[in-house]
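*Asks:* Given next are the chains, with one letter for each unit.
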Amino acid sequence: MTHREKIDARGAFCPGPLMELIAGLKLVEVGDEIEVWSSDKGSAKDIPEWIAKVGHELVENEECEGYWSVVVRRAK
Amino acid sequence: MNTKILVVGGGLAGTIVANGLCRQLSTELRSGSVNITMLGTSDQHLYQPGLLYVPFGKIRESQLFRNQRKVLDRRVPYFIDPATKINCDANEVTMESGKTFKYDYLVIATGSRIRPDTIPGMAEGAHWFYDLDGARKMRDALDEFEGGKIVVNVNAPHKCPVAPLEITFMLQEHLKSKGIEDKSEITYTYPIGRLHALEPVAEWATKEFDKYGIKSETFFNTKSVDPAAKTITSEEDVTLNYDFLVTIPPHNGAQVIEDSDLGKGGWVPTDKLTLNREGSDNVFVVGDTTNIPISKAGSTAHFEADATIDNIASLVTEGRRARDYDGKVFCFIETGLDSGTYVWFNYTTPPNPGAPSQMIHWFKLAYNRLYWLSARGLL
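Chains as they are written, first to last, in the numbering used here: chain L, 1 to 76; chain Y, 1 to 379.
Keep in mind the hints are simulated off the structure, nothing from the lab.
There's no promise every hint is true.
What the hints assert, rightly or not - In silico DSSO-like cross-links for lysine-lysine, where the CA-CA straight-line distance does not exceed 27 Å: (1) K41/L to K328/Y; (2) K207/Y to K53/L; (3) K41/L to K207/Y; (4) K215/Y to K53/L; (5) K223/Y to K76/L; (6) K207/Y to K6/L.
Said to hold, decoys possible - To give an idea of the chain L side of the interface with chain Y (calculated C-beta under 10 Å), a few residues: (7) E5; (8) G16; (9) D46.
The beta carbon of each residue, even a glycine, is placed where N, CA and C say it ideally should be.
Same shape as in the complex, but just chain L:
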């Protein structure tokens, strides 16, 4: 079963959801997943944009009630 950690970054203006994800990925193993919750709809765009550039995997990206949930798998 894949290990998944959650970062609840709802309402986080600084450093914000993507920066929290970047910091969080350094603390998990390759193959582990991080689920980021963000109240900023920009996260649904900028997290996948970074994931594509850096080479991790986007597992899920969905709008929930009042927030976005983005799941990323550390690939390297």
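With chain L held as given, fit chain Y onto it using these hints.
*Replies:* Relative to chain L, chain Y alone:
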């Protein structure tokens, strides 16, 4: 039985908590029904934001330090005996000396530390100003610098989120004042897709960068530094050449947090409203040590400390918590060597920085001295 309050960490957050509790619990301290003890790592208290000025010779080193015992209320015994194990199940902390301290309430304020050693080549190839030794070396190297490519490289996570922009603008003015602006080029790298985590600050910085011709490389997360070739490479496969590399290194929390299995990376899982360690109603976490997705900054530590003082004092005297922390952060932003602005926000209010002015810069300079009143819990 008296109530034992233990503060682990003698930085800003821990010191404000201890001093504030002395004021709110003065009757109980006098009667002996409460005692407050602090464990720290040094006899000196460092004003960390002052390090920003060291590379430019704009602050005297004596202004950065005070004797911790003099900053701390004299009713708080202070032991330079760092915690090596925190056991929240047994309510006890073991120190380097081997002694063990039992507590009723624990405040964890062990802070964060720079980790240039976690990126290959960074410690050998880069300058930084986040500790005194690094700031001195950067000052000496800047004195020798006669122009070339400067890279200001920002890594996640880091404390004081505006410092990377401040150092960039200050470097720009420094180059101009030395008359080597035309022979130099600054490139600023940032982990996400804009110049700062706060969108309004990023928008403002973009215009300023355009005005001064400062280049940028966003989505840049450092993979390695090659000190011999003088290159820095990102996880996104971008390589930049440099003649002078300034880095804001990635940070971790304290080793004792990891050694005590209290949180990965040294960050303690913390309730963002109560500031309790998750699962421990008698353990509070303040300052950089928390894993709350919020700026690791002195003002965060200060406002968290204020809430924690109220809550511990209320628990001791009334048996109930007093209030939640609202996520407040306030940061001055130096926009050059003689202008500044500020930004504040909390969990529900977005940031909205104002126009820079010389007056705000002067206020920041005044705060460089007023800090000591903050640490004493008077401001």
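*Asks:* Interface hint check: G16/L, Cβ to nearest Cβ on chain Y, cutoff 10 Å. Holds or violated?
*Replies:* holds, 5 Å
*Asks:* Against the 27 Å threshold, does the CA-CA distance of K207/Y and K53/L hold or violate the hint?
*Replies:* holds, 25 Å
*Asks:* Given the proposed pairing of K215/Y with K53/L, does the C-alpha separation stay at or below 27 Å?
*Replies:* holds, 20 Å
*Asks:* Would the hint linking K41/L and K328/Y be met if the CA-CA limit is 27 Å?
*Replies:* It holds: about 22 Å lies between the C-alpha atoms, which stays within 27 Å.
*Asks:* Does D46/L pass the interface check with chain Y, least Cβ-Cβ distance below 10 Å?
*Replies:* holds, 5 Å
*Asks:* Is the straight-line distance between the alpha-carbon of K223/Y and that of K76/L 27 Å or less?
*Replies:* holds, 12 Å
*Asks:* Given the hinted pair K207/Y and K6/L, is their Cα-Cα distance within 27 Å?
*Replies:* Given that 27 Å is the threshold and the Cα spacing comes to 35 Å, the pair is violated.
*Asks:* Min Cβ distance, E5/L to chain Y: is it shorter than 10 Å?
*Replies:* Holds, because the Cβ-Cβ distance from E5/L to chain Y comes to roughly 9 Å (cut-off 10 Å).
*Asks:* Taken at face value, is the distance from the CA of K207/Y to the CA of K41/L at most 27 Å?
*Replies:* holds, 24 Å
The structure does not agree with numbered hint 6 stated previously, though it agrees with all others.
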